[in-house]
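*Asks:* Below, each chain spelled out in residue letters.
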Amino acid sequence: MEKTKLNDELLNSVDEGVLGEITKLDKLKTGAYNIRKNGQGIERKITENVNITTKKDKPGINIYVKENTKFEIVHIPVILTQSGLTDIVYNDFFIGKNANVYIVAGCGIHNDHHKDSRHDGIHRFFLEEGAKVKYIEKHYGEGTGDGKKILNPVTEVYLKKGSSMEMESTQIKGVDSTIRETKGVLEEGANFVVTEKIMTHGEQVAKTIFNVELNGDDSSAHVTSRSVAADNSKQYFISKIYGNAKCFSHSECDAIIQDNGKVTAAPEVTANNIDANLIHEAAIGKIAGEQITKLMTLGLSEQEAEQEIVNGFLR
Amino acid sequence: MLEIKNLCFERDNKKILNNINLEIDTGKFIAITGPNGSGKSTLVKMIMGIEKPDSGEIIFDGKDITNLEINERAKLGISFAFQQPVKFKGITVYDLLKIAAKKKITRKEACDVLSQVGLCAKEYVDREVNGSLSGGELKRIEIASVVLRESKLTIFDEPEAGIDLWSFNNLIEVFENMRELIKGTTLIISHQERILNIADEVILMRRGKIEKIGSSKEILEKTIKPTVNCCRIKKEGEK
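Chains D and C, in that order, give the protein sequences.
The opening residue of the first sequence carries number 1 in our numbering; numbering runs sequentially from there.
The opening residue of the second sequence carries number 316 in our numbering; numbering runs sequentially from there.
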């Protein structure tokens, strides 16, 4: 195993706190990893099967997973603690044939000042035949300043024959504005499962856009979005799924609104093939009164019941 | 332990509960039966606080609970199993049972109570309490959540509804075990003769009133069965 340290800057307690919100610190260094802080890579480790190189033409890295690699973990966290910084990073993941890996990414922003901090992470995944990836992405913001914490992640997934990707993205706290774009292009027998969880508070705005093209026979996609919009926050869910072959897709948008929260769901399914089977479900509303009543019969107050329902919904 | 005084509830000019007066002693297993629309569910919902009466009082363990919230009544020792169990996206069976239990419970304890209600525990404990479960499965989870509370007063609103015959036998065992182990009071709405037969007393309700209180034999033979016989099909030539 080779360990490369890119510079001498150490993680301070604020960095570790933010990092701990987007990844499990004790697991972080168990496999290959690359930690980026304030626009710079600060620490990296590669393994026999996972190589990470720095891009030469633009900010970002390339991650290469050898074919037939089994059950390795790759961590690619980003932290922003410098107020006023806009960090744009392009990370490309090349997953070899029949590899099976677990990738954890995400961004945590700590902003104690009045300037906006922004991170745009553009991640592209290229899965070769039979490859499998479980991808976990967490976004988090904190800090006492009035500078906004802005995250605009883009995830593009290209799935070759028989490959599959399971993606879980979570944004629970502290992000003022986000536009999340997820694109999937699937060949024969490929499978793409996306689960997204978002909670917005205050005046926060979150927009998520899914664009999935099912181009190969027997390809399938499952897109699930669970979100809670509280206070005056706003959320937009836009989903476009194209069935261009004999394929199956199921997309589901479930949203809870609280206070003056607003949610718009705009699903679009397009069948361009007679054997395309595309389903969409959307449900938006406040917490059902009967759910609160049931938990109150178990001894919880109305507020505790609401919290329990929201926590479960977003878990 | 439970006293209901002059309880009245009216909606759309219809008297749903018409001056109900009732006393139930500690440790008793009481069944409430009667035709649809007789006010049975409304009465038990009022005891739990899910509905509020127009007038009257509910006294529990000597305390007037008429104006208490649902959770305050739960903390005093009243539990309620719904006729139509509630579904939750994201909350697992284990989560629900942990909320229900007044103390911390292990997975094994949660599994034990699921087994009691006839569910193969390992298959269910991590499943979400959502629409992927059948009505019968949800019902048994609902009953498990109530059994775990070991309350002074446990109310069941038609527990047999949606439950298959095999599970129904489990259910009778559950009630018998509850009686033996918890020694609390059970108030159960039911139309099932086997449940009425294990009750200490059966309350017959009709048109918002308590029509009769007696043993299951008295209620079934003298009150319900003759009513059923009135509806038998006439034989050919019979006047």
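Simulated from the structure, these hints should not be mistaken for laboratory data.
Heads up, some of the hints might be wrong.
Stated by the list, open to error - From the structure, some residues in chain D lie toward chain C, with a derived Cβ separation under 10 angstroms:
| no. | residue |
| --- | --- |
| 1 | I61 |
| 2 | K246 |
| 3 | H250 |
| 4 | D254 |
| 5 | L300 |
| 6 | I309 |
| 7 | F313 |
Stated by the list, open to error - Only pairs whose alpha carbons sit at most 30 angstroms apart, straight line, appear in this in silico DSSO-like list of lysine-lysine:
| no. | chain 1 | residue 1 | chain 2 | residue 2 |
| --- | --- | --- | --- | --- |
| 8 | D | K234 | C | K404 |
| 9 | C | K524 | D | K70 |
| 10 | C | K390 | D | K138 |
| 11 | D | K262 | C | K404 |
| 12 | C | K413 | D | K138 |
| 13 | C | K402 | D | K173 |
| 14 | C | K360 | D | K286 |
| 15 | D | K24 | C | K343 |
| 16 | C | K360 | D | K197 |
| 17 | D | K286 | C | K417 |
| 18 | C | K404 | D | K240 |
| 19 | C | K390 | C | K404 |
| 20 | C | K413 | D | K173 |
| 21 | C | K437 | D | K27 |
| 22 | D | K24 | D | K134 |
| 23 | D | K197 | C | K413 |
| 24 | D | K134 | C | K417 |
| 25 | D | K27 | C | K390 |
| 26 | D | K132 | C | K437 |
| 27 | C | K404 | D | K173 |
| 28 | D | K161 | D | K55 |
Using N, Cα and C, we set each Cβ at its ideal position, and we do this for glycine too.
*Asks:* Look at each hint and say if it fits the structure.
*Replies:* The hints, checked one at a time:
1. I61: 34 angstroms, violated
2. K246: Violated, because the Cβ-Cβ distance from K246/D to chain C comes to roughly 26 angstroms (cut-off 10 angstroms).
3. H250: Violated: closest Cβ of chain C sits about 13 angstroms from H250/D, beyond 10 angstroms.
4. D254: Status holds, d = 6 angstroms.
5. L300: 6 angstroms, holds
6. I309: 7 angstroms, holds
7. F313: 4 angstroms, holds
8. K234/D with K404/C: The given pair, whose Cα atoms are some 22 angstroms apart, holds under the 30 angstroms limit.
9. K524/C with K70/D: 70 angstroms, violated
10. K390/C with K138/D: Measuring from Cα to Cα gives roughly 38 angstroms; hence the hint is violated.
11. K262/D with K404/C: Status holds; Cα separation ~20 angstroms.
12. K413/C with K138/D: 27 angstroms, holds
13. K402/C with K173/D: Status holds; Cα separation ~26 angstroms.
14. K360/C with K286/D: It holds: about 23 angstroms lies between the C-alpha atoms, which stays within 30 angstroms.
15. K24/D with K343/C: 53 angstroms, violated
16. K360/C with K197/D: Since the Cα atoms of K360/C and K197/D sit roughly 35 angstroms apart, the hinted pair is violated (cutoff 30 angstroms).
17. K286/D with K417/C: Answer holds: K286/D to K417/C is near 28 angstroms, not above 30 angstroms.
18. K404/C with K240/D: 24 angstroms, holds
19. K390/C with K404/C: 25 angstroms, holds
20. K413/C with K173/D: This hinted pair holds, its Cα atoms lying about 26 angstroms apart.
21. K437/C with K27/D: 28 angstroms, holds
22. K24/D with K134/D: 16 angstroms, holds
23. K197/D with K413/C: 24 angstroms, holds
24. K134/D with K417/C: 37 angstroms, violated
25. K27/D with K390/C: 41 angstroms, violated
26. K132/D with K437/C: This hinted pair holds, its Cα atoms lying about 28 angstroms apart.
27. K404/C with K173/D: It holds: about 20 angstroms lies between the C-alpha atoms, which stays within 30 angstroms.
28. K161/D with K55/D: 28 angstroms, holds
In the structure shown, a violation is registered for the earlier hints numbered 1, 2, 3, 9, 10, 15, 16, 24 and 25, in ascending order.
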